[in-house]
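Number of protein chains: 4
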Amino acid sequence: MKVLITGFDPFGGEPINPAYEAIKMMKGNPKLCDLVKLEVPTVFGKSLETIGEAVEKERPDVVICVGQAGGRFDISVERVGINLDEARIPDNEGNFHQGKSIVEGGENAYFSTLPNRAIVKELKENRIPASVSYSAGTFVCNHVLYGLMHLIKTKYPDMRGGFIHVPFLPEQVMDKRNVPSMSLEMICRGLELAVKASVENTEDINYVSGETH
Amino acid sequence: MKVLITGFDPFGGEPINPAYEAIKMMKGNPKLCDLVKLEVPTVFGKSLETIGEAVEKERPDVVICVGQAGGRFDISVERVGINLDEARIPDNEGNFHQGKSIVEGGENAYFSTLPNRAIVKELKENRIPASVSYSAGTFVCNHVLYGLMHLIKTKYPDMRGGFIHVPFLPEQVMDKRNVPSMSLEMICRGLELAVKASVENTEDINYVSGETH
Amino acid sequence: MKVLITGFDPFGGEPINPAYEAIKMMKGNPKLCDLVKLEVPTVFGKSLETIGEAVEKERPDVVICVGQAGGRFDISVERVGINLDEARIPDNEGNFHQGKSIVEGGENAYFSTLPNRAIVKELKENRIPASVSYSAGTFVCNHVLYGLMHLIKTKYPDMRGGFIHVPFLPEQVMDKRNVPSMSLEMICRGLELAVKASVENTEDINYVSGETH
Amino acid sequence: MKVLITGFDPFGGEPINPAYEAIKMMKGNPKLCDLVKLEVPTVFGKSLETIGEAVEKERPDVVICVGQAGGRFDISVERVGINLDEARIPDNEGNFHQGKSIVEGGENAYFSTLPNRAIVKELKENRIPASVSYSAGTFVCNHVLYGLMHLIKTKYPDMRGGFIHVPFLPEQVMDKRNVPSMSLEMICRGLELAVKASVENTEDINYVSGETH
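Residue numbers (the numbering used here), protein chains in the order written: chain A, -2 to 210; chain B, -2 to 210; chain C, -2 to 210; chain D, -2 to 210.
If you are wondering where the hints come from, they were derived from the structure by calculation, not from laboratory data. Among the hints, a few may not be true.
Stated by the list, open to error - Derived EDC-like pairs (lysine to aspartate or glutamate); straight-line CA-CA distance at most 16 Å: (1) Lys97/A with Asp201/B; (2) Lys21/C with Glu36/C; (3) Lys118/D with Glu168/A; (4) Lys21/A with Glu182/A; (5) Lys173/C with Glu122/B; (6) Lys97/C with Asp201/D; (7) Lys118/B with Asp172/C; (8) Lys121/A with Asp172/D; (9) Lys150/B with Glu104/A; (10) Lys150/A with Glu104/B; (11) Lys34/C with Glu55/C; (12) Lys97/B with Asp201/A; (13) Lys118/A with Asp172/D; (14) Lys21/D with Asp6/D; (15) Lys28/D with Glu197/D; (16) Lys121/D with Glu168/A; (17) Lys121/D with Asp172/A; (18) Lys(-1)/B with Asp31/B; (19) Lys21/A with Asp6/A; (20) Lys118/B with Glu200/B; (21) Lys43/B with Glu90/B; (22) Lys193/B with Asp31/B; (23) Lys121/B with Asp172/C.
Okay, chain A solo, but in the shape it has when bound (with noise of 0.2 Å):
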């Protein structure tokens, strides 16, 4: 099994993305799959051609996105990318969105065929606070979720992907007030768990999971 994972660069006017820096650390285990890394640009279009080079080049079994949610309390595994590009900033070359269609006539959404409670499951038990989450935002996150399962849809339907958001880390919040974060250590550890979870289950489980709203 061959495992891509990806994470942004720095975006928003933060130095670092928790992503990319949980990544690098990320111990490869090669009884259980390859691992191969990519850092992909905070720039809606850019950041799909990155990966879809990629995914071209490697052919993963699984490709698993990671992306920083500033302000999320634990490890969020996104269910669903809807086809929308709507955002408040700038994405890393200045492209502003409003409204538009990531593919123009395609499907509203598509669902994440990472087996996202499995995951979910896999890190709480080994007590790293996790949940399943239903919106990756309008931004380049779900930008990328959406876009990554529109090309396993359409070229590659063998193919499993998704999305995983993690925290600020600690130092990313030093100034900011009452902003949660997670430490380098464990989100990489929460990585390395996903993408466990992921090879080993190829089909999700049920674990109790949703939002009243």
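Once you've looked at the hints, dock chains B, C and D against the given chain A.
Only chains B, C and D this time, still in chain A's reference frame:
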């Protein structure tokens, strides 16, 4: 023009639901539109049947469903409903859903056809905190949003519809710690303005919105 | 009985201060007490001089000072003021205090002599979210609470006094994300009830309160 | 120099207390100081007796008491303890206090004599989120802070002392929603740095702190 506005009955242990409490208080404006009010049970399936019957009978131009989002800080206009029932709590008839499609084989998601950002703009100009939301959760609120849009798509293509979430009332947060609320008067006024914006804007406007995650 | 109620002018970049906005709206109840209203500058020292002059002139039985606590969810009645000015922002005349005693050599702290828990009970019974707070911060609000109690202790031992914090108004949180607010009508009504409870209870009651930290 | 550092046993339904868990892991640095560790029962009265006996026996130069502040986002150094026991929950022996003085007729409050802002600066320079807090609540943590400072004032005037609050551990927030946490390693490192700053700074430094409310 005729507008059907619906609100849920209480759920999740709350003695009241601010959605229908506010709808009961709404004053119609006959010069603007006919306003039809409907209370809907917080039950998977039955909620959609109730709405379906009212839509068939009333043939409204616009359907606005309203629900409680306990813990949210403002009136949030939902942009998208996804094809997934997944709840940590049972509905009001004890149905407990996990990983269940709302429409078997249906589209993954539907976007609301209300002028969502025009509604947000209208509310904010009237000093009522409001925003666009990109997830209605996975409980009966999302169920109704997705099901309504499916109904519209398949049977009433000229109808427009969508969903609005409202915060707890002050009386509901009395014994909760650090949970936000909004006065009944403000929620009611917000819904009146949402009806107005929905009647006056057949297409949505551009008004900066979006979530990074 | 005569009650002096004071509210600050706007500070910290806000165009209004909900404290004095609400006080302006308060209706007196001559059967209950004479109500004297006073606007106070958000300035170390000057705020206390202003209050001191009004107290000397009016000789009220009770003094209730009111301030804005942006970010709090309810009306909070302050139990204690400490002998410390320490602020991250300058006051309205540019004074920037760190680690400064309010009264050199004065007591470390004074407890409010309002019937704090009776006020909280009165508000909650009228469906207004309220709680006892055990810190008024270290800016001009705490400065006024400590200074008022010092004045009472040293010059007017029969007078009673204290401090109440109120949340932002909805119009103040329009462009903040996830910040709670309370309607002006509810804040005003809460202050009227606080005056009533203060007149009717010369001693505080027992009403379960407290913070674990 | 000798430093006594104390941590509470678990309370409030939690199976562990991050305070003493972190203290157990702390490595002493004999070149810096002798470090004496003490577990303290979360019980009004008994907690202070336990500390009083250890202080009498060990005659430390500095006493740092540490407690859990579930829901806080960072390591917070308490500036003041007030003469008030008031709790919504019973202590670990079922004592339920409301409106009770800790020392009958004692001072209203004592300020910590740790170099609080020097500690915060030391932690932040080492990338550990930290701040000064101006309320230790009204449960056993505040009880211990006030009681310790009273003991020092009345019996050991050359001793210095104070209190530090630490967040939940990640494993404690697993089934809470949106509650922040900090890794055990980071809490432990934070306490080691607090000891260092306390030994190296006999007086506090100026380092911008303060709360508007």
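Given the hint that Lys43/B pairs with Glu90/B, does the C-alpha gap stay at or below 16 Å?
-> holds, 10 Å
Proposed proximity, Glu197/D with Lys28/D (alpha carbon, max 16 Å) | holds, 12 Å
With a cut-off of 16 Å on the C-alpha distance, tell me whether Lys118/B and Glu200/B pass.
-> holds, 14 Å
Taking only the CA atoms, is the gap from Lys21/A to Glu182/A under or equal to 16 Å?
-> Holds - the C-alpha atoms of Glu182/A and Lys21/A are around 11 Å apart, at most 16 Å.
Does Lys118/B pair with Asp172/C here, judged by a C-alpha cut-off of 16 Å?
-> holds, 12 Å
Could you grab the alpha-carbon distance between Lys118/A and Asp172/D and see if it respects the 16 Å cut-off?
-> Answer holds: Lys118/A to Asp172/D is near 12 Å, not above 16 Å.
Would the pair Lys(-1)/B and Asp31/B pass a check requiring their Cα atoms to be no farther apart than 16 Å?
-> holds, 5 Å
Measure nothing beyond the straight line between the CA atoms of Lys121/D and Glu168/A; if it is 16 Å or shorter, mark the hint as holding.
-> Roughly 8 Å separates the two Cα atoms, so the pair holds.
16 Å limit on alpha-carbon distance, applied to hinted pair Lys121/D and Asp172/A | holds, 9 Å
Taken at face value, is the distance from the CA of Asp201/D to the CA of Lys97/C at most 16 Å?
-> holds, 13 Å
Restraint check for Lys121/B with Asp172/C, where alpha carbons must lie at most 16 Å apart | Holds, at about 9 Å.
Would the pair Lys150/A and Glu104/B pass a check requiring their Cα atoms to be no farther apart than 16 Å?
-> holds, 14 Å
Against the hints set out earlier in the document, no violation occurs for any number.
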